[in-house]
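Read top to bottom, the protein sequences are chains A and B. The letter at position 141 of the first sequence is residue 141 when you use the working numbering, and the numbering goes up by one with no holes. The letter at position 138 of the second sequence is residue 138 when you use the working numbering, and the numbering goes up by one with no holes.
Read the hints as simulated data drawn from the structure, not as lab findings. Hints are supplied without guarantee of correctness; some may be wrong.
Repeated chains share a single entry, so a pair holds when one copy, or any two copies, can fit it.
No farther apart than 20 Å at their CA atoms in a straight line, the calculated lysine to aspartate or glutamate pairs in the EDC-like style are these [claimed, not checked]:
| # | residue 1 | residue 2 |
| --- | --- | --- |
| 1 | 11 | 297 |
| 2 | 183 | 195 |
| 3 | 13 | 136 |
| 4 | 97 | 61 |
| 5 | 226 | 89 |
| 6 | 42 | 60 |
| 7 | 182 | 195 |
| 8 | 53 | 126 |
| 9 | 182 | 149 |
| 10 | 8 | 126 |
| 11 | 95 | 223 |
| 12 | 182 | 126 |
| 13 | 42 | 136 |
| 14 | 97 | 64 |
| 15 | 42 | 126 |
| 16 | 42 | 130 |
| 17 | 11 | 223 |
Protein chains: 2
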Amino acid sequence: MSVDILIKKIKEKNNPTVAGLDPLLSYVPEHIINECFEEHGKNLSGAAAAIYKFNAALIDELSDVVAAVKLQSAYYELYGWRGVRVLDETIRYAKEKGLYVIADVKRNDIGSTAKAYAGAYLSGADVGGEVTPAFDADSVTVNGYLGTDGIAPFVEACREHKKSIFVLVKTSNPSSGELQDKKIGGDAVYEVMADMVNGWGEGLIGESGYSSVGAVVGATYPEMQKILRARMPRAYFLVPGYGAQGAGAADIVNAFNKDGLGAVINSSRAIMCAYKKTGDAANFAKAARAEAERMRDEITAAIG
Amino acid sequence: MSVDILIKKIKEKNNPTVAGLDPLLSYVPEHIINECFEEHGKNLSGAAAAIYKFNAALIDELSDVVAAVKLQSAYYELYGWRGVRVLDETIRYAKEKGLYVIADVKRNDIGSTAKAYAGAYLSGADVGGEVTPAFDADSVTVNGYLGTDGIAPFVEACREHKKSIFVLVKTSNPSSGELQDKKIGGDAVYEVMADMVNGWGEGLIGESGYSSVGAVVGATYPEMQKILRARMPRAYFLVPGYGAQGAGAADIVNAFNKDGLGAVINSSRAIMCAYKKTGDAANFAKAARAEAERMRDEITAAIG
Numbered sequence: 001m002s003v004d005i006l007i008k009k010i011k012e013k014n015n016p017t018v019a020g021l022d023p024l025l026s027y028v029p030e031h032i033i034n035e036c037f038e039e040h041g042k043n044l045s046g047a048a049a050a051i052y053k054f055n056a057a058l059i060d061e062l063s064d065v066v067a068a069v070k071l072q073s074a075y076y077e078l079y080g081w082r083g084v085r086v087l088d089e090t091i092r093y094a095k096e097k098g099l100y101v102i103a104d105v106k107r108n109d110i111g112s113t114a115k116a117y118a119g120a121y122l123s124g125a126d127v128g129g130e131v132t133p134a135f136d137a138d139s140v141t142v143n144g145y146l147g148t149d150g151i152a153p154f155v156e157a158c159r160e161h162k163k164s165i166f167v168l169v170k171t172s173n174p175s176s177g178e179l180q181d182k183k184i185g186g187d188a189v190y191e192v193m194a195d196m197v198n199g200w201g202e203g204l205i206g207e208s209g210y211s212s213v214g215a216v217v218g219a220t221y222p223e224m225q226k227i228l229r230a231r232m233p234r235a236y237f238l239v240p241g242y243g244a245q246g247a248g249a250a251d252i253v254n255a256f257n258k259d260g261l262g263a264v265i266n267s268s269r270a271i272m273c274a275y276k277k278t279g280d281a282a283n284f285a286k287a288a289r290a291e292a293e294r295m296r297d298e299i300t301a302a303i304g
Numbered sequence: 001m002s003v004d005i006l007i008k009k010i011k012e013k014n015n016p017t018v019a020g021l022d023p024l025l026s027y028v029p030e031h032i033i034n035e036c037f038e039e040h041g042k043n044l045s046g047a048a049a050a051i052y053k054f055n056a057a058l059i060d061e062l063s064d065v066v067a068a069v070k071l072q073s074a075y076y077e078l079y080g081w082r083g084v085r086v087l088d089e090t091i092r093y094a095k096e097k098g099l100y101v102i103a104d105v106k107r108n109d110i111g112s113t114a115k116a117y118a119g120a121y122l123s124g125a126d127v128g129g130e131v132t133p134a135f136d137a138d139s140v141t142v143n144g145y146l147g148t149d150g151i152a153p154f155v156e157a158c159r160e161h162k163k164s165i166f167v168l169v170k171t172s173n174p175s176s177g178e179l180q181d182k183k184i185g186g187d188a189v190y191e192v193m194a195d196m197v198n199g200w201g202e203g204l205i206g207e208s209g210y211s212s213v214g215a216v217v218g219a220t221y222p223e224m225q226k227i228l229r230a231r232m233p234r235a236y237f238l239v240p241g242y243g244a245q246g247a248g249a250a251d252i253v254n255a256f257n258k259d260g261l262g263a264v265i266n267s268s269r270a271i272m273c274a275y276k277k278t279g280d281a282a283n284f285a286k287a288a289r290a291e292a293e294r295m296r297d298e299i300t301a302a303i304g
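The whole structure should be built from the sequences, with the hints applied where relevant.
This is the structure we're talking about:
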């Protein structure tokens, strides 16, 4: 099971953090941007080249510190198909470097279309009868608003291709409660979604006891982490909101089980833009590494 | 307002149908696939080339019959970044031909990321201080599970760049009710979402009286169409599920207001694959046109 592969990497590095590679162009050090604009023009090609250079340097420095990277698709799509090509290149490079790669795409659609999305990110495209990988990530995030038939093709891809998914349950943003906290009978919408996650994940429990169908549960709602941890004991949690979104180590302890496992904690801006605090743009990757190490130590101490 | 532009195109063509361009490779006539595999190889490049050729020919034939096209992003992402490049090229070509272009991406994320998605599809990327269009669609579909701050950046893009969005309310798939039909107090989740759509759309009412914040409401649930039509009088409906998903003209009349406006009806497979019924693959585009005309006549008669 894919979740076992993720856990193995977490144990190897003694680090449940995920480095988010969400490369908004304004996060990229100026010297890289200037170099790429000079070579490719001040356009989407130049922007995409800068992003790849930034990502590759971050991966080189982070690959022995973190278990996984999470690529937020929006920051690649923002730069058009050239940006999306960099999404593909970054997935490949991160996998080469031994990282577990989560494509944060939050896809959702009816069954036939969900099957195409599962093909795009997990199981490959049928090209003249041959299965051809497109964006070959280890895992994707999905949105369960459409119910089981929108998720089933992803679950099938997990089973057949050793992949995993994380389903949005309780998101980290301020207004997530507008729908997610509303009560259906005695349960909040996020609890109803949690029960669906349990159902979808039943057939995908690995040797670790965890399922390859995980859940996105925001660090910014620690009390709900607790409730959801109890409600989905076998789901691995992908926890966003740490760092730039305001949550700290105390806010994520509830996401873990007593075995010290059960969650990966994402930080994007705080790692990518660490160099803006040190003021040393030339050594942006070292600054990212230092922040990832600081975060590792902080989190392992908190859950230890 | 963007919704007024859409309505103008609908009136010009006397046709509220949207042709869905969801080009799974198996929908593309064999002679195109063979030609493209020969030129580019039996790989993602060849697949992408075939899809573009198919799309362009369909657009040529359909652009004076339908008001709009809807591009389902999954069927482009399935073929990797090369497929996504074809998404971009198809958007450009369809706009050149005067069509209103809906990118069916169902994106959803926290505020900062939603802003990047809105940039990607509606308002452009900031590249060294210059606004540079990425995928320059007229409209996107979005998923409101994250609440207001995940939708606000799209609404802002609609206001500033004359664009529109369609928010998932009640989807056409069989299991959509698992969450969407559940009751929150006296209302179904889809009604709660409908009220949110009304709120998001308030500031974007055009001369037509309709808002540029619309709703996705599946043709496969005609009774809910009725309820939602009354609940969101100013929202334009994007109605999937007609044709291959089983709904007919009688199932979509409830989506329209008494002014004969208020909805666009999408058909993808039935139009794209019409040639499979006639058995004349050489004239696939003519077969698509005939089906789009048949659908136009059927729908205009039903709502007349």
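Hints versus structure:
| no. | hint | verdict |
| --- | --- | --- |
| 1 | 11 with 297 | within (14 Å within a copy, 63 Å between copies) |
| 2 | 183 with 195 | both (14 Å within a copy, 16 Å between copies) |
| 3 | 13 with 136 | neither (23 Å within a copy, 42 Å between copies) |
| 4 | 97 with 61 | within (10 Å within a copy, 48 Å between copies) |
| 5 | 226 with 89 | neither (37 Å within a copy, 47 Å between copies) |
| 6 | 42 with 60 | neither (26 Å within a copy, 33 Å between copies) |
| 7 | 182 with 195 | both (15 Å within a copy, 14 Å between copies) |
| 8 | 53 with 126 | between (31 Å within a copy, 18 Å between copies) |
| 9 | 182 with 149 | between (23 Å within a copy, 17 Å between copies) |
| 10 | 8 with 126 | neither (31 Å within a copy, 40 Å between copies) |
| 11 | 95 with 223 | neither (34 Å within a copy, 49 Å between copies) |
| 12 | 182 with 126 | neither (41 Å within a copy, 37 Å between copies) |
| 13 | 42 with 136 | between (30 Å within a copy, 18 Å between copies) |
| 14 | 97 with 64 | within (9 Å within a copy, 51 Å between copies) |
| 15 | 42 with 126 | between (36 Å within a copy, 11 Å between copies) |
| 16 | 42 with 130 | between (39 Å within a copy, 9 Å between copies) |
| 17 | 11 with 223 | neither (26 Å within a copy, 53 Å between copies) |
In this structure, the earlier hints numbered 3, 5, 6, 10, 11, 12 and 17 are contradicted, and the remaining ones agree with it.
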